[in-house]
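Combine the two chains into a complex, taking the hints into account.
Chains A and B are the protein sequences, given in the same order. Counting in this note's numbering, the first sequence tops out at residue 487, every number present. Counting in this note's numbering, the second sequence tops out at residue 368, every number present.
Read the hints as simulated data drawn from the structure, not as lab findings. Be a bit skeptical, because a hint or two may be false.
Said to hold, decoys possible - If you only want the chain A side, here are some residues facing chain B, beta carbon under 8 Å, derived:
#1 V219
#2 E223
#3 G224
#4 A230
#5 S248
#6 D251
#7 F312
Heads up, the beta-carbon is just placed ideally off N, CA and C, and yes, glycines get one too.
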Amino acid sequence: MKLALLGAAALTSLGLLGGTALAEAPTELGIGMILATGPEADWDATLLRDVETVAKEAPHGLKIATKHVDGVEGEKAKDAMELLAKSGKYQVIWAHSSYSDQVKALKDKYPDVLFVVVGSGNEGLGGNVYYDYKRVHEPSYLLGVLAGRLTKSDTVGVVGQFPSEDVNDQINSFFAGAKSVNPDVKRKVAFIESWYDPAKAEQFTNAQISAGADLIFQLAGSFETCEKANIKCFGNYVDQGERAPASVVASSLISWEPDLKWVIDAWYDHAANGKPYEGNVKERWFSQAEGGSSLSGYHAYDDKIPAEVKTEVKALEDKINSKELVIPVDLAVPASD
Amino acid sequence: MIAFERRESAGWIAQAIAYLLAIAAGLLASVVLITITGADVADGLGALWQGAFGDAEAIGQSLAAAIPLVFTGLATVVAFRAGIWNIGQEGQVFAGAMAGYWMSLQLAGAPAIVAVPAVVLASVAGGAAVAALCAVLKTRFDVNEIISTMMLNYIIVYLLSYLLAGGPWIEAGSTAYHQTPLIADTFRLPELFGLHLGAPLALLATAAVALVIGRTPLGFELRGLGFNPVALRYKGVRVATTIVMAMAISGALSALAGVSEVFGINFRLRAEVLNGLGYTGIIVGMIGALNPWGTLVAALAFGAMANGALYMSVLTDVPSALVPAMQGILLLFVLGAAVLTRYRLRFGRKDGRHG
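In isolation and in its complexed conformation, chain B is listed as follows (with noise of 0.2 Å):
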């Protein structure tokens, strides 16, 4: 018999040394799998550090890749400690992103000093009200967040898709496909340090979403929500406002990963740029242990992944399918770890005896 015991909190280095086991063991794992296709292992492995961190460039692309999964992994924390299955990021950057670009079609020829602000501000009121009629739904008519955020999720990509398909945001002219023109430079968002404004915003949001947490009444009534609800209804909070608390600020989160894809980097709005941002982040935010600093951690982690991923599909033999194998590997470890930081297993019959 084995069971699973919790335990008192393993300190910060001892979980340290537990991921970076899990990644040494995920790697070892993926380096067995490549020698079996016969393709170069040192190639492999050099192409895909070259590609995480090899050089400025490759950081930077790194980064660019982190940003939204920053977000959405801090949309994840904000709902996840309130104790509401949020798991509508997926949608509401969607929702985010067509609200901002909605935004740039009725602001169309205004200056960027109020263009950008404008998409941003959008963008993430979209993003919020969507999250925020599944927190109703749930307060009001007690529907349960996971199917309601999950459902609108469909509703958001598709209505997307007839909007793209044919319908009035598709790009004119004779080679018209499931995407909007390009998005005028003026909405474009600035650039500092080769990386776009979502670099610092999300920055700012992880101390945001810390400070929140940790330091303010707000941030208490979250957690205390996800503790225990009948206790703080006891102590006068209204538990119905801050669920919907919760979850605006969590969509709001997430549209913002929406924004910097479509306005920081693709310029056009299209679902295969935001396809994933959203269940990647849970995955974030859960290896990030619902820690604010945690969760950027895990997204850099997780940028770094992509674009070494990338590197190694282009630059060696190892075969491309092969790729999301070895990231979907390095995720169970590390995932097995996150456990093992917060459980020990206890080995022998569950009442003590043995035999």
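Isolated chain A (complex conformation) (with noise of 0.2 Å):
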């Protein structure tokens, strides 16, 4: 078996069969995953969850097995990728953080292999390194105008992780969107200056209850503070509805999935047709229109929100996905008023 394969290698690489035009076409691929943080963070287990349904489409006919690696920083995340390069069993191998300094130090040494390098923090490489961005301002934007709408303090709140880019423009344009409705609302924000803190995040949900806050946006998960205090809440990345229904009014939601499958296509060209890889420098986002992003259902709400203020969110979603209504990306440090 062995020698059968040496022999077909000395044989493809003399041209004998069939040279690289007609490279047979792949039916495996695997991907390797280093973690922001680790499957308790939404960030990353939106990602393992939608991994394994796009894995499960087996788009091109690709067997795709997966692998993942928790929250590794610096150099021990080069270590960790160069691990997964070297193994060959994995062709692409997706950064899930910033790591553009690791990936550039591998990128010419592994070309065939397929990096991606994910949110804030990261430079655009090119080449073999594709740069994929989330941005969920837009379903933040119709969560604000929700809590526009139900405040009755006229105080809403943000528990954010860390003053980020990526965090800020979810934070503006919720803020953005309450002001759209209801222009005397007030804004509170703070950071736990972690990506993953849940006796902090309590802490801080607490101060801003205290502060008045009726509604808050809870980028850092602190829910069953929000039920204890019994004030509304609203989650992001996932359907944070399903857990806390008593507490989660609605959420932003995210999903990896057009992100996966336009880099699963980027290296099926490349393995099957020769393509040369074309990274982008620029970031590269997923609208709510393209499926990227989107709002998630009311759950226990669902009765308890007047109808009216449902359907003007319903047609802000809409105009959104139309493009009739653009959201700005604002990405300045938000503060509170």
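Written out as structure tokens, the structure reads:
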């Protein structure tokens, strides 16, 4: 068996088995992922969920195997990616946070591997490096409209992780949505300075409740606190209303499916047809209309929200999808009023 | 009734055997865990070994991971031997990295021959200053150093967060993130045999701490401070000065961990690459029995374990959540062995009667 393979390899290299133009179409693909934190964080959990969905769909008839490594930083991330690349089992390496320094050191050493860097803090490297981004500002705007309509104290809060650009854009458009329907709304903004820290999220949430907020956009995910304080909250990334129906009105959702398919197509074109990689230098994000983000359902709040508010939000959602309403991407660091 | 009794110090052979048994027991417990999850045990342990000591590259990575822990471990040794409970290594690592980075901004364009020493010195000064501040609070105002060092950790870590989150140190551009721009080549620690300057510095620091503690008047005072500060005062030693000295040295050592991570490996200042080095250093120093050479060995073991764990999580089906659990289990067993080499268990009633 081994001999036969060696023979085939020798023949291929001599151009006797079809040459490069007729390279055999690949049937398998390995996707190795470096997570930002770990499966407990929604940013990573959504990727793990969507990569399984895409694997089941088997694009191009590919049998897709996946592997993930939890939050490794700096040089350790480079070592992890190099191990994935060296193993030969992973043709796509998806680095789910700011890893372009490390990818830069590896991309030319493994020119057939397609690297993906995701989110804030990356540099577009081009070539075999694809630069993916997630913008959730469109559904965040819709949540803001809900907040502006539903608040009684005219004070709405946001508990965010870090003031980084792909957090700021969500917060800014949330407030833009709230102000668009309720100009009196006062903003409360806090950052817990961690990507995942439920204890800190609870402290900051309680502080905002004490400051009068009766609706909080929970980017850091402390919904028990909302429940205990008997206030309404919004979630992001996953449908938090499924987990905490008593407190969560709605969530802004993300999907990595269009992103994954974009990358898999690029890899397949390269592997099957020899098309050179054309990694993007400027970040690529998939809009709400393209399926990159969406607004969740209202779950237990479905009959508690006034019908005219629901109609208003639906109309705005359609307008965003048809590009009649364009929500600007505002990256400024948000502050409390 | 079970009581702990202090032992006569166990010989080094007995200690080595105790630690080896602890590692074996920890691995055994880990094997049970891996088996429960259904992953392949041989694969898992093989990858652990491969990552720890498998080939030259892996050994290099293990050593690189050990370097900062040597510094923070030694920082613990110096403070704890003097009976000063400095748990501010974490903040002192950050302070060192930040002072070094600040210096690199002041000297932009300077040649490496000036730039590298200036960065190292600035960082050492930064770490020492922060630690000395807590020492002065202790000697002047009787502020407990556990509280002051712990609280200062938060202040320093959040100061960096402020500087990087839209503050003056953030990288400009459309994809800003909480990190500085890349550090220019001239400021990076030079490489020797595939390891950065931090490696020889770590060895040198170990030897220096061993020498100072074991063979100099200052070392005598430090140890005396740990044993009996009152007696030391009656001997005419200025205890306050000694406390400040001990803390400053401890802070300076921690700062070197920050320098080696930022200027030797990652070339950007960001919190994630510094997180935990200080706290881990406390454990490393304790496992090293507050002995400089023991701390060096403990740091090397920690580095090897960290790199082995990385290989295991990348190369095998061992669930990634199990890797930190395994590290924790190994650590518990090793700490248990450390206790048992210094104390013995005595069964029976305290007063010696049975029944």
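- Hints the structure fails to honour: none
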